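As you go down the protein sequences, you meet chains F and Z in turn.
582 is the number that the numbering used here gives to position 574 of the first sequence; each next residue is one higher, with no gaps.
10 is the number that the numbering used here gives to position 22 of the second sequence; each next residue is one higher, with no gaps.
Quick caveat, the hints were computed from the structure, so don't treat them as lab data.
Note that the coordinates shown come from a computational prediction; the quantities given were computed from them, not determined experimentally.
It is possible that part of the hints are untrue.
Here are the simulated BS3-like cross-link-like pairs (lysine-lysine), alpha carbons at most 30 Å apart as the crow flies [stated by the list, open to error]: (1) F/K197 with Z/K76; (2) F/K382 with F/K395; (3) F/K321 with F/K76; (4) F/K379 with F/K556; (5) F/K24 with F/K76; (6) F/K308 with Z/K76; (7) F/K24 with F/K142; (8) F/K361 with F/K345; (9) Z/K76 with F/K321.
If you anchor each label on the Cβ, the simulated ranges turn out as follows [as the list claims (entries may be wrong)]: (10) Z/I123 with F/D143: 49 to 55 Å; (11) Z/E26 with F/G348: 50 to 56 Å; (12) Z/T68 with F/I117: 50 to 56 Å.
Note that CB positions come from ideal geometry on N, CA and C, so glycine has one too.
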Amino acid sequence: MTRQMTGARMVVQALKDQGVEVVFGYPGGAVLPIYDEIFQQNDIRHILVRHEQGAIHMAEGYARSTGKVGVALVTSGPGATNAVTGLTDALLDSIPLVVLSGQVPTFMIGTDAFQEADTIGITRPCTKHNWLVKDTDKLSETIHQAFHVASHGRPGPVLIDIPKDVQFATGTYTPKEATRVSHYQPRVKGDSEAIAAMVALMETAERPVFYTGGGVINSGVKASQLLREFVAATGFPITSTLMGLGAYPASGTAWLGMLGMHGLYEANLAMHGCDLMINIGARFDDRITGRIPDFSPNSKKVHVDIDPSSINKVIRVDVGVVGDIANVLEEALALWKSRGSVVNKDGLAKWWKQIAEWRAVKCLTYNGSTKVIKPQYALERLEALTKGMDRYITTEVGQHQMWAAQYLGFEAPNRWMTSGGLGTMGYGLPASIGVQIAHPDSLVINVAGEASWLMNMQEMGTAMQFRAPVKQFILNNERLGMVRQWQELLHGERYSQSWSESLPDFVKLAEAFGCRGIQVTDPADLDDAIMEMIRYDGPFIFDCRVEKHENCFPMIPSGRPHNEMLLGDADTQGVIKAAGAVLV
Amino acid sequence: MSPLNIKKSASSHSAYELRDPNAPVIETHTLAVIVENEPGVLARVIGLFSGRGYNIDSLTVAEVDHNSHRSRITVVTTGTPQVIVQIKAQLARMVPVYEVHDLTVEGPSVQRELALMKVAGKGEARIEALRLAEIFRAHVVDSTLESFVFEMTGTPEKIDSFAELMRPLGLREMARTGVAALSRGL
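Construct the complete structure from the given sequences, taking the supplied hints into account.
So this is what it looks like as structure tokens:
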């Protein structure tokens, strides 16, 4: 069943075939034929953004919160270059996206035409794969392949560059079912011998720990369910990276909290002191490992990942299992049960006793105040007042992001959207809109810092236009808090360019956009204001004025191992040596 | 790799290199990468090497199967064993890559490179150049009264040594193709 149609119509038809419901985009000269087709149909909803970076982050938020592929549409030249940050962000966090970009007509490529950029060249290193389609007959098949590549194996962003003459020309449409089977078929099933080796290690380990990451979320809800079952059955403690929060519930008894540079004391010490580390869908990022030679020196390490290049990239492991998390966990769990569900009970009991001592340190304790709002307190109240609600959280990047990860609890996967790998300031607001478009009736909160938030604040216009009642919870310390913290610890308290001057009046800004804003400075007013934000039917900007020089703890300074964690300001004197200072 | 960390180097001018025994071992590997012959695929592979800081000692690429659009990229690269494994994994996960073969570990292989060398000279030097060319089985593919262009194929080491001999005899220009390699046997 093939049909003749224009390239522009093929784009829309192929998206429909792929089950796409929403496209985030911005029109321009090189995509006008596609926009003309979008105008003439009602199946696909187009969300008009205010900046192409916003479109990509929205598509990321949409994808991360639904498990589907996010789709964005941008024009040539500046449209495509504005998408680059978002593409890189999605690549580092393994978010499946299909981005369509317009291009100047094929006969003008290479002439420095108006709004021409070498989009394929520019986006080659920041996509999983990209295509320039020069022949209308190949367009629909390429789009179907693109969805396959974006969502199979380790997910990631792909881009299709479509010259304008290809959009105008008529060609043969190839439906999804008729598309050639892609040779790109990453391995899903783990090697049984490796899984058996992993299970054998689990049976004897005295001090095991599960270290899980974003791969569990990407693998799907089933992976999270299997993980929970495995943890419950073995009684092993579990920690997670920033990207993996929610795969195991924060209320679960085996939960140690997040690990890493600003991870919890008990989580990091468990990583340092374990004799068996089971890495499931995480990638030994430098925010996790700290100083590599001192990273968990006495443990056997197992690494389960769908991407073979993740294994032994940074940390040498004893057992590597390449495969899809859900697939591997299912097989491992079945094998472990069939071998008698053995664990080292005595060892585990001692291990939990040790963990209880670490937990007793209560590393998230902070100095409270009745005069000024502590950012940690603001998040504790936000958590308390929204707990149990149908809630999604996005964040910007910086101190507030780490505090959100520490003080908010995630009970389910796909509820936490944050820029982990790239650390993109300006991610949270557009991501929150993308989440809200996918979940119109849910409570979507972007926990933000004022500096990050300003980077993409134009997207409030998008939130208003499409009635996305996103809540912008801005912890406003009038500082680039994390930069300031590092300058305090590393650069002799010389606060170079790390304060936010000439900030807008956020309440008036909200009014200017046509929504509601509030400013809170007194801790006593916090609860009422949060409730007002939740109840308000529409976008809301919450200017939460917090302690200006609060530092984020615990902290593992750069170049230090896990067991040399700073728990508070008293620990910070002269801790970072020159070798650590060159690290980021 | 010998325990003394003495290894043959692909293109060094001495036969052996002595390295700091405490430094990580640097190995040279020849990789054959079978790719879909699509636009930009070479840029993609090279971009992986430059973007991640891997070395390329030599690179050749050409279509080897027109009907199925397959090209073969032969890369000679250096790195620690961990880096070499990582390079292979990074190549293998690229969408247009079908196969990655490490000819250095997959058994014996044949490695050949073609070189053209322009040698200018008169009198005794010119005769000496011709005599050496014979020994190295280089062919004369162009000749004037004052110059030769030699064509030779061989291992990179053989081409290196011939070039070294030609240098004092008037080597003016040289073009090398980079290594093409196949495993021996079936």
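Open item on the list: Check the structure against each numbered hint from earlier and tell me which ones fail, lowest number first.
Closed with: 12
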